[in-house]
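Required output: the full structure, derived from the provided sequences and hints.
Spelled out from the first residue to the last, the chains are:
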Amino acid sequence: MAEKTVQEINEKIKDGSVNVVTADKMTEIVREIGPKKAAKEVDVVTTGTFGAMCSSGVFLNFGHADPPIKMQKIWLNDVEAYAGVAAVDAYIGATQLSETRGFDYGGGHVIEDLVERKTLELKATAYGTDCYPRKYIETNITLDDINQAIMLNPRNGYQRYNVATNSSDRVLYTYMGTLLPDHGNATFSGAGELSPLYNDPDFETIGIGSRIFLCGAQGYIVGEGTQHESVNNLATVMVSGNLKKMSAEFLKAAIFYKYGTSLYVGLGIPIPVLNENVAKKTGISDADIVTNVFDYSVARRARPVLRKVSYAELKSGKIEINGKEVITSPLSSFQTAKEIATTLQDWIKDGKFFLSQPVERLPTGVTFKPMKQTKETSFVRDVMLKDIATIEGNISIKDAAKVITKGQFTHLPVVSKGGVLAGIVTAWDISKAVALGKYEEIENVMTRKVITANANDLVDSAARKLEKYNISALPVIDEKKKVIGLIRSDDLTRLIAKEVKR
Amino acid sequence: MKVLLKFTQQMNDEPHIANVILETGTRLNIVRATADNKGGEVLVDVPSERYRLVAKAFKSRGVNVHALEHPVVLDEEACVKCGACISVCPVNVFRFEKDWGIALDENKCVQCGICVTACPLSALDLSI
Numbered sequence: 001m002a003e004k005t006v007q008e009i010n011e012k013i014k015d016g017s018v019n020v021v022t023a024d025k026m027t028e029i030v031r032e033i034g035p036k037k038a039a040k041e042v043d044v045v046t047t048g049t050f051g052a053m054c055s056s057g058v059f060l061n062f063g064h065a066d067p068p069i070k071m072q073k074i075w076l077n078d079v080e081a082y083a084g085v086a087a088v089d090a091y092i093g094a095t096q097l098s099e100t101r102g103f104d105y106g107g108g109h110v111i112e113d114l115v116e117r118k119t120l121e122l123k124a125t126a127y128g129t130d131c132y133p134r135k136y137i138e139t140n141i142t143l144d145d146i147n148q149a150i151m152l153n154p155r156n157g158y159q160r161y162n163v164a165t166n167s168s169d170r171v172l173y174t175y176m177g178t179l180l181p182d183h184g185n186a187t188f189s190g191a192g193e194l195s196p197l198y199n200d201p202d203f204e205t206i207g208i209g210s211r212i213f214l215c216g217a218q219g220y221i222v223g224e225g226t227q228h229e230s231v232n233n234l235a236t237v238m239v240s241g242n243l244k245k246m247s248a249e250f251l252k253a254a255i256f257y258k259y260g261t262s263l264y265v266g267l268g269i270p271i272p273v274l275n276e277n278v279a280k281k282t283g284i285s286d287a288d289i290v291t292n293v294f295d296y297s298v299a300r301r302a303r304p305v306l307r308k309v310s311y312a313e314l315k316s317g318k319i320e321i322n323g324k325e326v327i328t329s330p331l332s333s334f335q336t337a338k339e340i341a342t343t344l345q346d347w348i349k350d351g352k353f354f355l356s357q358p359v360e361r362l363p364t365g366v367t368f369k370p371m372k373q374t375k376e377t378s379f380v381r382d383v384m385l386k387d388i389a390t391i392e393g394n395i396s397i398k399d400a401a402k403v404i405t406k407g408q409f410t411h412l413p414v415v416s417k418g419g420v421l422a423g424i425v426t427a428w429d430i431s432k433a434v435a436l437g438k439y440e441e442i443e444n445v446m447t448r449k450v451i452t453a454n455a456n457d458l459v460d461s462a463a464r465k466l467e468k469y470n471i472s473a474l475p476v477i478d479e480k481k482k483v484i485g486l487i488r489s490d491d492l493t494r495l496i497a498k499e500v501k502r
Numbered sequence: 001m002k003v004l005l006k007f008t009q010q011m012n013d014e015p016h017i018a019n020v021i022l023e024t025g026t027r028l029n030i031v032r033a034t035a036d037n038k039g040g041e042v043l044v045d046v047p048s049e050r051y052r053l054v055a056k057a058f059k060s061r062g063v064n065v066h067a068l069e070h071p072v073v074l075d076e077e078a079c080v081k082c083g084a085c086i087s088v089c090p091v092n093v094f095r096f097e098k099d100w101g102i103a104l105d106e107n108k109c110v111q112c113g114i115c116v117t118a119c120p121l122s123a124l125d126l127s128i
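Protein sequence lines correspond, in order, to chains A and G.
For the first sequence, our numbering begins at 1 and goes up steadily by one.
For the second sequence, our numbering begins at 1 and goes up steadily by one.
Since the hints were made in silico from the structure, they are not lab data.
Straight-line alpha carbon distances no greater than 20 Å define the calculated EDC-like cross-link-like pairs of lysine to aspartate or glutamate that follow:
hint, chain 1, residue 1, chain 2, residue 2
1, A, Lys315, G, Glu97
2, G, Lys56, G, Glu23
3, G, Lys108, G, Glu41
4, A, Lys118, A, Glu80
5, A, Lys481, A, Glu443
6, A, Lys118, G, Glu77
7, A, Lys25, G, Asp99
8, A, Lys338, G, Glu97
9, A, Lys338, G, Glu76
10, A, Lys338, A, Asp288
11, A, Lys338, G, Glu77
12, A, Lys338, A, Asp24
13, A, Lys349, A, Glu11
14, A, Lys36, A, Glu3
15, G, Lys59, G, Glu14
16, G, Lys98, A, Glu339
17, A, Lys245, A, Asp113
18, A, Lys482, A, Glu392
19, G, Lys98, A, Asp24
20, A, Lys338, G, Asp99
21, A, Lys417, A, Glu392
22, A, Lys315, G, Asp99
23, G, Lys98, A, Asp286
24, G, Lys6, G, Glu41
25, G, Lys98, A, Glu28
26, A, Lys369, A, Glu229
27, A, Lys258, G, Asp125
28, A, Lys318, G, Asp99
29, A, Lys349, A, Asp15
30, A, Lys352, A, Glu11
31, A, Lys468, A, Asp457
32, A, Lys14, A, Glu41
33, A, Lys318, G, Glu97
34, G, Lys56, G, Glu41
35, A, Lys40, A, Glu204
36, A, Lys318, G, Asp105
37, A, Lys338, A, Glu249
38, A, Lys482, A, Glu443
39, G, Lys98, A, Glu313
If you want it as C-alpha cells, here you go:
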C-alpha cells in the first residue's frame, strides 16, 4: 500500500502543490474513483462542525493588582469564574449563569464578549493574606488587557450525537432545544459526513498535538475528551487554543430556553490522507452515519431508543417515529460547518497551515461509565408522615392540648380555612403557655415563620434544614402552601438506621 | 396580509368582527385570538387588496389596527443557520435553502412566538 507521511504533505503545502478537499467532496471522489486512486490524488481532507458545545471554557490570567489580591471568588459581568487556581488565574465555563440575569447571560456570553473586545466588569473577593492583603477589587477589562486567555474545552466535537424527541403531552425545554409533545418534532446535532472524528474513526491520524481549526484560530488537540466513548462512535476531543486569535464568526454564545447557556464552537480537523485505508474512511457519507433516536420525556439516565436513523434521513427534514412523520431540526449549523472546512482548506492551500504529527493517538476501545451512586436517593414524600392532625388558629390552648394528647403528636401545623399553612405549635409551646398561665387562642402562641419542606425535596435537604434551624419537624407543603404531611427527625433517624443495616 | 386588531374591554359586547365581515363582504381568516382583563387581540389574515376597506371599518368602530408587514423578523447577523426554528414552527414558516441557509415565508406566520424562545442565538423576534 502506497504511503505518504505528514512531512511529505507539509513539503507539498510549502511548495503549493498540495491537493486539499473538504470531507463532503472527498465522499464524492472516493465514490467515483475508489479509495486507492483517491489516496494518490488527495493529500488532505478538511472537516468541520459548528454546534453548541457546553463543555467549553477559557483560562484567564488577569495580572496582579496593587496592592495585590489572591482572588477567592471571581465574577465577570456577574458570571462566576472558577478561582481555585493561584491568585489571579480563573476558568470561565460556558454554562455558568449570571447571578443577576439568570438564563439571559452566561459564561458563553462572557467568552463571546471577550472575543468581540467588549469591556467586562471584573469583581473579586478574597480573605486577605500577608502576601496578598487586598480583600476586594472591582475593575473593567477587555481581552487585550489580560495576559492569557486560553480556551480549553474538556469535551468537543462529538463524533455523532443523539436525536431527541418527546412522547409526553407537554412541551419539554432541553439542551436539545424545544421538544414538542406527542413526537411533535425531533432535534439532532453534529455535522454528519463533515464530522471531524467520523472521518478518522480509528484515530489513525488524529491524536495529542494535532493542529486544528478552533474558532477561527489555529488550536491543538490536547487528548481524548471527557466522556470519550470510542467503542460506540461517540468519541470526543479535548482542545485548546488562544482566545485572543479567535474570531466571533466561529464562536457564539447560545441560550437554550429554560435550560441554560452554552457556546457554539467552530472546530475543524485536517485529515492527512496517508494511505488507501485513511482515504476509504474519509469517504464516509451521511447515509453511513447512524445514530439513535431517544425519548427525552423519560427523565432517567437510560432512555429508550425509539429507532436508529442515518444523518441522510435526518437531513432530509423528516423522519418516521412510531408510524408518524416527524419534522427534524438540526441544532448545529451545516452551513458554518462547511465554511469551517472550506476555511481550513484555504489556509492549507495558501501555505498558512501545516499539519502536525500527533505525539500519541487517541485511545480506542474506551467506554463511558455511569456515575457510581453509593446512596439510594430518598425523597421527602417517601418518608413523611401523611396521617397528621392540623388545627385552626382560633381554637383554644386547651383544645390544642387535647388534639396533641389524643393523637400523640408533638407538632401541630396551624392552618387557615383552606388548609393553607399559617403557623406551627409544638407540645413545648403549649406547656409553656400553660405554665405562664396564658389561656388564649393558639394564634397568639404559635410560631408564624415556619420552616417547611416540599414532597419532592431530597431527604438530605430536609435533614440539613432540621439541623440548621435546630428543630425536630418540618411541615410538608404543596405548591399552594397546603399542608400535606410532616417530616420528623425521628423518621430520618429510622431511615438512616435502615440504610446502615443494608 | 396579517393584521393585528386590538380591542379594549368595553368593546367586548359587540360582535365587531362579524359586523365588519358583513359590512365589507370580506372573508377574514382569524388565525389567533387572545383575551384578558385589559381587552383582546385578534390576528386576522386579510386579502391585501381589501386591507384599506377592512382597516377603515375596524377603525370606525374604535378598534386599533396594526398591519404586520413582517410578523416575524430574523436578525441575519445573529443567525448561525442551525435550523432549530424549522421543526418547532406550527405553520412551516422556515425551511433550509440549498446551501443550508434559512429561508422565511413570513406570510404564513401566526405569531405564536415559539420560534423566538427556541432560537439558541436569540435571532428571532415578533414585530408588533
